[in-house]
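Participant: Sequence:
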Amino acid sequence: LDGSSNIDVNVSVGTIFSIYRRVTPVGTPVTLEDFLQKGNKQVAAGYIIYGTSTMLVYTTGAGVNGFTLNPAMGTFYLSHPHMRFPEDGKIYSVNEGNYIHFPQGVKDYIKYCQMEEGDRPYTSRYIGSLVSDFHRNMIKGGIYMYPKSSQNSNGKLRLLYECNPMALLAEQANGRASDGFTRILDIEPTELHQRVPFICGSSNMVLKAEEFMRNPA
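So the sequence shown is numbered by the numbering used here: it starts at 1 and just counts up by one.
FYI, nobody ran anything at the bench for these hints, they're computed from the structure.
Positions of the beta carbon are idealized from the N, C-alpha and C atoms, including for glycine.
Watch out, some of these pointers could steer you wrong.
Capping the alpha-carbon separation at 27 Å, the derived lysine-lysine pairs in DSSO-like fashion look like this [to be verified]:
{"no.": "1", "residue 1": "Lys111", "residue 2": "Lys148"}
{"no.": "2", "residue 1": "Lys156", "residue 2": "Lys107"}
{"no.": "3", "residue 1": "Lys90", "residue 2": "Lys111"}
Label-pair ranges, simulated between beta-carbon atoms [what the hints assert, rightly or not]:
{"no.": "4", "residue 1": "Ala72", "residue 2": "Pro121", "range": "25 to 33 Å"}
{"no.": "5", "residue 1": "His82", "residue 2": "Thr15", "range": "20 to 28 Å"}
{"no.": "6", "residue 1": "Pro25", "residue 2": "Pro121", "range": "50 to 58 Å"}
{"no.": "7", "residue 1": "Glu191", "residue 2": "Thr54", "range": "29 to 37 Å"}
{"no.": "8", "residue 1": "Thr15", "residue 2": "Glu191", "range": "18 to 26 Å"}
{"no.": "9", "residue 1": "Pro71", "residue 2": "Gln104", "range": "23 to 31 Å"}
{"no.": "10", "residue 1": "Tyr99", "residue 2": "Thr54", "range": "18 to 26 Å"}
{"no.": "11", "residue 1": "Asn10", "residue 2": "Arg183", "range": "49 to 57 Å"}
{"no.": "12", "residue 1": "Val11", "residue 2": "Thr190", "range": "29 to 37 Å"}
{"no.": "13", "residue 1": "Pro25", "residue 2": "Phe76", "range": "32 to 40 Å"}
Please take these sequences and the hints and turn them into a complete structure.
Facilitator: What follows is the structure in structure tokens.
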């Protein structure tokens with residue numbers, strides 16, 4: 001359950017899922033090889049967000065659609081067809097309490113978001129639930145970051161069952177997802193619970209963050 005630390009304070013949480021075609025023969029036991037596939041091999045991915053309403057957001061590789069639960073009928077209805085990230089946004093989502101531990105490039109980007117110039121400063125919004133932050137940013141435009149730090153050298157989010165499904169959703173919704181240097185869906189997994197840094201959201205915002213990470217001050 002994504003954002004489970006928020007349950008006791010009644011803040012939105014979510015469930016993330018991902019579907020792959022198995023690579024081992026049908027009828028034989030499933031092996032680790034069936035799971036250790038790149039994110040670009042996913043055939044479907046989605047999440048369910050439990051908030052003021054319950055929504056299923058889902059892709060099969062042909063765009064992203066959102067379905068809202070009618071609790072009286074027990075049925076999900078198509079409420080948000082063809083969901084897409086705006087190319088730009090004004091929201092950045094990162095745990096700024098860890099700022100001192102972030103790489104210089106990430107610090108530089110956060111400072112950029114806070115500068116009074118053009119349409120900045122941006123608004124900081126961080127719920128502590130990947131699903132909730134992603135959902136808001138997809139609708140309103142924004143960027144989510146869980147970078148590596150001096151405390152977590154590979155970040156904290158899991159590649160196979162957190163980053164890959166959310167990256168597929170992001171790309172199918174006109175967004176972008178990377179670890180700051182490499183497209184998430186192109187990362188070769190080496191273990192089931194592998195962790196990676198994660199940046200996703202409005203494409204222009206992610207590109208700008210990647211620029212800062214590749215060229216730290």
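Participant: Look at each hint and say if it fits the structure.
Facilitator: Hints and how they fare:
Restraint check for Lys111 and Lys148: satisfied, since their Cα atoms lie roughly 17 Å apart, inside the 27 Å limit. For the proposed pair Lys156 and Lys107, the alpha carbon gap of about 18 Å is at most 27 Å, so the pair holds. Restraint check for Lys90 and Lys111: satisfied, since their Cα atoms lie roughly 14 Å apart, inside the 27 Å limit. The supplied range of 25 to 33 Å is broken by Ala72 and Pro121, whose beta-carbon atoms lie about 43 Å from each other.
Under the hint 20 to 28 Å, the C-beta atoms of His82 and Thr15, about 22 Å apart, fit the expected range. Checked against the hint of 50 to 58 Å, the pair Pro25 and Pro121 passes, with Cβ atoms roughly 56 Å apart. The given range of 29 to 37 Å is respected by Glu191 and Thr54, whose C-beta atoms sit roughly 33 Å from each other. About 22 Å separates the C-beta atoms of Thr15 and Glu191, a value consistent with the hinted range of 18 to 26 Å.
For Pro71 paired with Gln104, a C-beta distance near 48 Å fails the hint of 23 to 31 Å. With their beta carbons about 34 Å apart, Tyr99 and Thr54 fall outside the hinted range of 18 to 26 Å. A hinted range of 49 to 57 Å is violated for the C-beta pair Asn10 and Arg183, which are about 36 Å apart. A beta carbon spacing of about 33 Å between Val11 and Thr190 agrees with the range 29 to 37 Å that was offered as a hint.
Checked against the hint of 32 to 40 Å, the C-beta distance between Pro25 and Phe76 comes to roughly 34 Å, which is consistent with it.
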